[in-house]
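Assemble chain Y onto chain H, guided by the hints.
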Amino acid sequence: NAGVTQTPKFQVLKTGQSMTLQCAQDMNHNSMYWYRQDPGMGLRLIYYSASEGTTDKGEVPNGYNVSRLNKREFSLRLESAAPSQTSVYFCASSEGWWGTGGSSRYTEAFFGQGTRLTVV
Amino acid sequence: AQSVTQPDIHITVSEGASLELRCNYSYGATPYLFWYVQSPGQGLQLLLKYFSGDTLVQGIKGFEAEFKRSQSSFNLRKPSVHWSDAAEYFCAVGATPNDMRFGAGTRLTVKP
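Sequence lines, in order, name chains H and Y.
For the first sequence, our numbering begins at 7 and goes up steadily by one.
For the second sequence, our numbering begins at 27 and goes up steadily by one.
Here chain H stands alone, though its shape is the one from the complex (with noise of 0.2 Å):
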């Protein structure tokens, strides 16, 4: 049961170098998402992608693109490193979109065990 698995968990890059970061989930989800975590700070959303085909921006979406190649996978891209996109990057995964209006139909977002990147 591997879940949410992401490529590669280390990384470190120069600044102006390209790179893309690879998520997969195998759990047949519609919903993926990509966050960055920073000391001090709680996680921030760089894209999501509530189903396939369709990918949206987050709280953080600058000097990132997305795919979302197919349902079990989302790719996150950085395009000219810059040492403020070091940080530690999570893939998340889950079934469905939430509900509103009170509504219970949140599922659970599963997260990949990281990748750590550095930018120097």
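It is possible that part of the hints are untrue.
Claimed, not checked - In the EDC-like style, the derived pairs of lysine to aspartate or glutamate whose C-alpha atoms are separated by at most 20 Å in a straight line are:
hint: 1; chain 1: H; residue 1: K20; chain 2: H; residue 2: E114
hint: 2; chain 1: H; residue 1: K63; chain 2: Y; residue 2: D125
hint: 3; chain 1: Y; residue 1: K75; chain 2: Y; residue 2: E46
hint: 4; chain 1: Y; residue 1: K137; chain 2: Y; residue 2: D80
hint: 5; chain 1: Y; residue 1: K87; chain 2: H; residue 2: E114
hint: 6; chain 1: Y; residue 1: K75; chain 2: H; residue 2: E114
hint: 7; chain 1: H; residue 1: K77; chain 2: H; residue 2: D32
hint: 8; chain 1: Y; residue 1: K94; chain 2: Y; residue 2: D80
hint: 9; chain 1: Y; residue 1: K75; chain 2: H; residue 2: E101
hint: 10; chain 1: H; residue 1: K63; chain 2: H; residue 2: E79
hint: 11; chain 1: Y; residue 1: K75; chain 2: Y; residue 2: D125
hint: 12; chain 1: H; residue 1: K15; chain 2: H; residue 2: E85
As the list claims (entries may be wrong) - Distance windows between CB atoms, simulated:
hint: 13; chain 1: Y; residue 1: T135; chain 2: H; residue 2: A88; range: 32 to 40 Å
hint: 14; chain 1: H; residue 1: T124; chain 2: Y; residue 2: L82; range: 23 to 31 Å
hint: 15; chain 1: Y; residue 1: T56; chain 2: H; residue 2: P45; range: 26 to 34 Å
hint: 16; chain 1: H; residue 1: E85; chain 2: Y; residue 2: L82; range: 44 to 52 Å
Read the hints as simulated data drawn from the structure, not as lab findings.
Ideal Cβ placement from N, Cα and C applies to all residues, glycine included.
Just chain Y, lined up with the frame of chain H:
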């Protein structure tokens, strides 16, 4: 703008002692409320959530949390802490997944 405050950056408790982690939020309406736990080197795991109804919610691993609307708080409690509870705990609020806000986290150390 919505925000989440976890006033305690680091808490140390003795094994077997009770625990309360504080969470205060600012939000336009009553949001959905969550507590997550993160063990070292791991992703986040959902402990419990509040959507509506009974303001005392039970979660996994013996945790519970109480929603107090008048105080905009959602504090996490456990009657007796185990060494395996040492981790970082995050409170989160939001009405939809794309507007969730996480607190900065409280690191829990458990003394033997």
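Verification of the hints:
1. Between K20/H and E114/H the CA atoms are separated by roughly 36 Å; this puts the pair beyond 20 Å, and the hint is violated.
2. Between K63/H and D125/Y, the direct Cα distance comes to roughly 10 Å. Compliance with the 20 Å bound is thereby established for this hinted pair.
3. For the suggested pair K75/Y and E46/Y, the alpha carbons sit about 16 Å apart, so the restraint of at most 20 Å is met.
4. At roughly 33 Å between alpha-carbon atoms, K137/Y and D80/Y are farther apart than 20 Å, so this suggested pair is violated.
5. This hinted pair checks out: K87/Y and E114/H have alpha carbons roughly 16 Å apart, not beyond 20 Å.
6. Between K75/Y and E114/H the CA atoms are separated by roughly 9 Å; this keeps the pair inside 20 Å, and the hint holds.
7. For the hint pairing K77/H with D32/H, the CA-to-CA distance comes to about 9 Å; that is within 20 Å, so the pair holds.
8. Under the criterion of a C-alpha separation no larger than 20 Å, the hint pairing K94/Y with D80/Y is consistent with the structure, at around 11 Å.
9. In summary, the hint linking K75/Y to E101/H is supported, as the alpha carbons are separated by about 16 Å, within the 20 Å threshold.
10. Pair hint K63/H plus E79/H holds up; C-alpha atoms about 17 Å apart against a cutoff of 20 Å.
11. For the suggested pair K75/Y and D125/Y, the alpha carbons sit about 16 Å apart, so the restraint of at most 20 Å is met.
12. Simply put, K15/H and E85/H have alpha-carbon atoms about 19 Å apart, close enough for the 20 Å limit, and the pair holds.
13. Taken as a hint, the range 32 to 40 Å holds for the pair T135/Y and A88/H, whose Cβ atoms sit roughly 34 Å apart.
14. For T124/H and L82/Y, the Cβ-Cβ distance of about 43 Å falls outside the hinted range of 23 to 31 Å, so the restraint is violated.
15. In this structure the supplied range 26 to 34 Å holds for T56/Y paired with P45/H, their Cβ-Cβ distance being about 30 Å.
16. Judged by the Cβ atoms, the range 44 to 52 Å given for E85/H and L82/Y holds: they are separated by roughly 47 Å.
When the structure is compared with the earlier hints, violations turn up for hints 1, 4 and 14 and for no others.
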